[in-house]
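Q: Sequence:
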Amino acid sequence: MAKWTLRQQANFFDLLADLLTAGFSLKQALQSLKVFLPKNGLATVIAELETGQSFSQALRSKVTTNIYCQLVIAEKHGSVDQSVFQLGKYLKKRVQQREKLQSLLLYPVIILGLLLFLMIALKIWLAPEIAQFSVSMTGKDPFSYLIFVKFGGLVLLSLFILGVIHFFYWWKKQSIFGRHSWYSSLPIVGSLYRQYNCYYLTFNLGLLIESGLEFQQICGLLEHFDEKSLLYHLGRAFSERLARGEKLTLIMEHYPFIPSELALFFQKGRSKEEIGKDLLAYSKLAYQKLLEKSDHLLAWVQPLLFMVIAIVIICTYLALLLPLYSSLGGLYK
1 MAKWTLRQQA NFFDLLADLL TAGFSLKQAL QSLKVFLPKN GLATVIAELE
51 TGQSFSQALR SKVTTNIYCQ LVIAEKHGSV DQSVFQLGKY LKKRVQQREK
101 LQSLLLYPVI ILGLLLFLMI ALKIWLAPEI AQFSVSMTGK DPFSYLIFVK
151 FGGLVLLSLF ILGVIHFFYW WKKQSIFGRH SWYSSLPIVG SLYRQYNCYY
201 LTFNLGLLIE SGLEFQQICG LLEHFDEKSL LYHLGRAFSE RLARGEKLTL
251 IMEHYPFIPS ELALFFQKGR SKEEIGKDLL AYSKLAYQKL LEKSDHLLAW
301 VQPLLFMVIA IVIICTYLAL LLPLYSSLGG LYK
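For the sequence shown, UniProt numbering assigns the number 1 to the initial residue and increments by one for each residue that follows.
In short, the hints are calculated from the structure, not lab data. Hints may contain errors.
[Said to hold, decoys possible] Mimicking BS3-like on lysine-lysine, the simulated pairs with C-alpha atoms at most 30 Å apart in a straight line are:
id, residue 1, residue 2
1, 272, 289
2, 92, 34
3, 89, 272
4, 172, 3
[What the hints assert, rightly or not] Derived DEER-like restraints, expressed as beta-carbon distance ranges:
id, residue 1, residue 2, range
5, 175, 78, 27 to 35 Å
6, 263, 64, 21 to 29 Å
7, 311, 78, 50 to 58 Å
Everything numeric in this text was worked out from a predicted model, so none of it was measured. Just so it is clear, CB atoms sit at the ideal spot from N, CA and C, and this is done for glycine as well.
Could you put the whole structure together from the sequences, leaning on the hints where they help?
A: Here it is as C-alpha cells:
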C-alpha cells in the first residue's frame with residue numbers, strides 16, 4: 001500500500017487529536033475520520049484494528065518510519081493521545097512551511113523562466129546581428145571567446161558528473177550512522193537536522209523513561225523496530241556499548257547527530273521520573289526552537305534567489321554588451 005502524503009498524514013493526526021480531545025474513543029474517532037477523509041483508505045486501518053493489530057501496526061504502511069516508531073513508543077508508555085496531538089501539530093506546521101516555501105519560490109521561478117526565455121531569444125536573434133556587424137566593421141568575431149567558455153563549461157560539467165558518481169558510490173558504502181553524521185555536518189541544514197533530532201529523541205525518551213523503563217530496557221525495545229530506522233541502530237549500538245561497561249554520557253558524545261545537552265539529563269542522583277519529566281519539558285522547547293530555525297531558513301530563500309537572478313542578468317548583459325563595445329571601439333582605431 002502507498003504511504004500517505006505529508007498533507008494526508010497531517011490532516012489525519014490533526015483531526016484525530018481533535019476527536020480524542022473531545023472524548024471520542026480511538027475506534028469512534030477512526031469511524032468518523034473514514035467519512036471526513038475518504039481518500040485516506042481508513043477502512044483497511046479499522047479492519048486491521050478489528051483483527052487485533054495495534055494502532056501503530058495498522059498505520060505502519062501508511063506513515064513514515066519515524067512516525068511509526070513514535071507511535072510504538074507511545075503505545076508502550078500508554079500515551080497515544082499525547083503523541084497523536086504532537087504529531088498533528090508538527091505535521092500541520094510542516095505542511096504550512098512547505099506551502100510557504102512553494103509560494104516563496106513561485107515568483108523567482110517565474111522570473112528565472114522569463115529570463116531564460118530572454119537569454120535564448122538574445123542568443124538566437126541579437127547575438128548573430130552583433131557578430132555580423134562586428135565582422136563587417138573590424139573583421140573579428142566578438143564572440144570567439146565563447147569557444148573557451150564552452151570548453152570550460154564542458155570541463156565543469158564533466159567534473160560535476162564525476163563528483164555525483166563518486167558521491168553515490170561513497171553513499172552506498174556508508175553505515176546509517178555515517179549518513180546521519182553527514183546530515184549533521186551539512187552547512188545550514190545540518191543545524192536544522194540536529195535540532196529535529198533533539199526534539200524527536202527527547203520527546204520519545206521522555207515518554208519511555210517516565211513510564212519506568214531502564215535505559216537497557218529502552219535499548220531492547222528499540223532493537224525490535226524496523227532495521228532501516230535510526231532508532232533500531234541506536235538501540236543496538238547503545239546496548240552493546242553499555243554491556244562493555246561504557247558510560248552512557250560518553251556513548252552519546254560519540255554520535256554528532258545526538259544533541260550534546262541530552263547527556264546532561266542522565267547525570268547521577270536523579271530519578272527516572274525526574275529525568276522523564278525534564279526530557280518532555282525540554283522537548284517542547286526543542287520543538288519551538290526547531291520551528292524558529294526552519295522559519296528563519298525559509299526567510300532567506302527568496303533573497304538568495306533574487307541575488308542569483310541579479311547575477312544572471314548582469315552576466316547576460318556583459319556577455320552581449322562587452323563584444324558590442326569592443327566592436328564600436330575598433331571603429332575609432
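Q: Going through the earlier hints one by one, which of them does the structure break, listed in rising order?
A: No numbers; nothing is violated.
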